[in-house]
Amino acid sequence: MQIYLPIAEVSVNAFLLLGLGGIVGLLSGLFGVGGGFLITPLLFFIGVPPGVAVATGANQVVASSISGVLAQFKRKAVDVPMGVVLQIGGLIGSGIGVWIFNRLTVLGLIDVAVQLAYVVLLGTVGSLMLLESVRAMVRSRRGVVRHLRRSHHGWVHRLPFKMKFRASGLYISVIPPVLIGMGVGVLGAIMGVGGGFIMVPAMIYLLGMPTKVVIGTSLFQVITVSAFTTLMHAITNQSVDILLALFLILGGVIGAQFGAILGGRLKAEQLRILLALLVVAVALKLALDLLLPPGEFYTIYPGLS
Amino acid sequence: MWGRAIILALLLALPGMAPAQTRPETERVVAGLSHDNIGITAAFNGSEVFIYGAVKRNAPEPGGAPLQVIVTLEGPMQPLTVRHKSREWGIWLNTSKVRVAAAPSYYSVATTGPIATILSPATDATQRISVPMAMRGFAGPLEVDDARPFTEAMLRIRETEGTYSLREGAVHLVEDTLFRADFVLPANLVEGDYKSRIFLLRNGVLVDSHQAAIYVRRVGLERWIFMMAREHAPIYGTLALAIAVLAGWGASTIFRLIRN
Numbered sequence: 062m063q064i065y066l067p068i069a070e071v072s073v074n075a076f077l078l079l080g081l082g083g084i085v086g087l088l089s090g091l092f093g094v095g096g097g098f099l100i101t102p103l104l105f106f107i108g109v110p111p112g113v114a115v116a117t118g119a120n121q122v123v124a125s126s127i128s129g130v131l132a133q134f135k136r137k138a139v140d141v142p143m144g145v146v147l148q149i150g151g152l153i154g155s156g157i158g159v160w161i162f163n164r165l166t167v168l169g170l171i172d173v174a175v176q177l178a179y180v181v182l183l184g185t186v187g188s189l190m191l192l193e194s195v196r197a198m199v200r201s202r203r204g205v206v207r208h209l210r211r212s213h214h215g216w217v218h219r220l221p222f223k224m225k226f227r228a229s230g231l232y233i234s235v236i237p238p239v240l241i242g243m244g245v246g247v248l249g250a251i252m253g254v255g256g257g258f259i260m261v262p263a264m265i266y267l268l269g270m271p272t273k274v275v276i277g278t279s280l281f282q283v284i285t286v287s288a289f290t291t292l293m294h295a296i297t298n299q300s301v302d303i304l305l306a307l308f309l310i311l312g313g314v315i316g317a318q319f320g321a322i323l324g325g326r327l328k329a330e331q332l333r334i335l336l337a338l339l340v341v342a343v344a345l346k347l348a349l350d351l352l353l354p355p356g357e358f359y360t361i362y363p364g365l366s
Numbered sequence: 002m003w004g005r006a007i008i009l010a011l012l013l014a015l016p017g018m019a020p021a022q023t024r025p026e027t028e029r030v031v032a033g034l035s036h037d038n039i040g041i042t043a044a045f046n047g048s049e050v051f052i053y054g055a056v057k058r059n060a061p062e063p064g065g066a067p068l069q070v071i072v073t074l075e076g077p078m079q080p081l082t083v084r085h086k087s088r089e090w091g092i093w094l095n096t097s098k099v100r101v102a103a104a105p106s107y108y109s110v111a112t113t114g115p116i117a118t119i120l121s122p123a124t125d126a127t128q129r130i131s132v133p134m135a136m137r138g139f140a141g142p143l144e145v146d147d148a149r150p151f152t153e154a155m156l157r158i159r160e161t162e163g164t165y166s167l168r169e170g171a172v173h174l175v176e177d178t179l180f181r182a183d184f185v186l187p188a189n190l191v192e193g194d195y196k197s198r199i200f201l202l203r204n205g206v207l208v209d210s211h212q213a214a215i216y217v218r219r220v221g222l223e224r225w226i227f228m229m230a231r232e233h234a235p236i237y238g239t240l241a242l243a244i245a246v247l248a249g250w251g252a253s254t255i256f257r258l259i260r261n
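Protein sequence lines correspond, in order, to chains A and B.
Position 129, counted from 1, in the first sequence is what our numbering calls 190; the numbers after and before it change by one each time, with no gaps.
Position 28, counted from 1, in the second sequence is what our numbering calls 29; the numbers after and before it change by one each time, with no gaps.
These aren't lab readings, by the way, just hints derived from the structure by calculation.
Where a beta carbon is used, it is the ideal one built from N, C-alpha and C, also for glycine.
So the derived label-pair ranges between C-beta atoms look like this:
#1 F222/A with V220/B: 49 to 57 Å
#2 A178/A with F139/B: 28 to 36 Å
#3 R200/A with I236/B: 53 to 61 Å
#4 N261/B with A197/A: 30 to 38 Å
#5 I236/B with I236/A: 35 to 43 Å
#6 R257/B with I236/A: 36 to 44 Å
#7 S210/B with E357/A: 32 to 40 Å
#8 S97/B with K225/A: 55 to 63 Å
#9 V220/B with P355/A: 33 to 41 Å
#10 D37/B with L240/A: 56 to 64 Å
#11 K223/A with V145/B: 56 to 64 Å
#12 L165/A with R129/B: 32 to 40 Å
#13 S97/B with G108/A: 18 to 26 Å
#14 V141/A with I236/B: 23 to 31 Å
Only pairs whose alpha carbons sit at most 30 Å apart, straight line, appear in this in silico DSS-like list of lysine-lysine:
#15 K137/A with K223/A
#16 K346/A with K98/B
#17 K86/B with K98/B
#18 K328/A with K135/A
#19 K86/B with K346/A
#20 K328/A with K137/A
A short list of chain B residues far from chain A (calculated; beta carbon distances all over 12 Å):
#21 V50
#22 K57
#23 G114
#24 I116
#25 T127
#26 P133
#27 G170
#28 A171
#29 V175
Please model the entire structure based on the sequences and the hints provided.
Next up, the structure:
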């Protein structure tokens, strides 16, 4: 069944969209990530213009994050004050990100910038995760107890504007979380991702938050930031395709539930290795596209820029 | 004796040279379209358009060069930018560009025979019939020394995509009077006014031409969504978010109920 997307101005198969949404949902259910890092490149691949893919991807992240955060609230695994502080940084970052996105679009560098951002981030995060999970698996085989290194009690704790974050058991300055939120907000707006895959390690290793509240808090802050990104893209670029979002979301919410069921049957380390391999594979594919000579050296862009 | 010979010679010569100059009304084209408006609905998956017509004559058909018909179908004009990639710091980046003021979003040419033999370059230049003629001028000053590779690339890419095409022999001409050409409009159609042109040619020279328009519009849900996104962007953005929130909340609620 073909469906004509009114904003993307392409006709695509509705089941393909449901399938893509489903795969991404499956992953988000399995690994607790928004899946934006996968959906945006997949949308490029099926011919959705990059601008529409990024904006609509952000919209889909809102839906999957809400679905996820509700479950986390039930487990009391959300640090609301920390989430709000991260969100303030995130909103500023998102505004800056949309501005950068529009500048890069005018310069004709947006495709390369998005691809480069994906390669660098996914490559780094993926390799680190892969190393970490392989090490964890080796350790658990040998039966060694793992010690998680908390953040260094150095300069971070001498910063002003300290605040108490009860759920995380932290008394730290708001500056580091605001900066982290900002960084993720900028990336989210440019890449159409929620940034969970950067936010989660940053919260554990940089802020020293306990792992049990990290996913819930990350999802909580991603909702506002990606909602703001969606709204900004809708207003400044008119590039959110509701029909496209609807099919992705529909597939995504179903996939997420299957993911959660499947996730219950696999071991945590196996899951992490699978996710790491997937992230590295996406990064490699995008890196090859940038490094290998393209089949066609010319590209047509609509409009004068 | 001489007088009769001259009249005879004139009579024989007339059909070959006369039509375009002295008696343009000898052969006229009358044409119709299978439909003059196309609605893009959510289920839109391309469309077929038949352009058919007849040659009306108020005198017997002139001999000499055979009648040739070219039918073109042209989408709305759009500005575009063609960018060229080159290797910088080890990666492939867009480095130079040519800005085209107007190029049709779709352009298809159907002919009764090989275009090089049935259409003279002079007629092509004035009427802008062949595919390379579809592009109209550059926007602003050129930033590259030679724009030709850029325009050639544009035509090549669009021909590969199927949005530009030349189909020689695709006009079926019956008894030098009735003709018909079929066009398949792609699924990723751009909204706007499509222009169809019909050219009657003899000896590569224009005998008569005809123009008709096809209106392509989004309809129903597609129109509503598009207008909303353009004219009420803040409301549209909020609506997109509302759908996401509702779907996210709804999904987690429904599946929780199923599990319990």
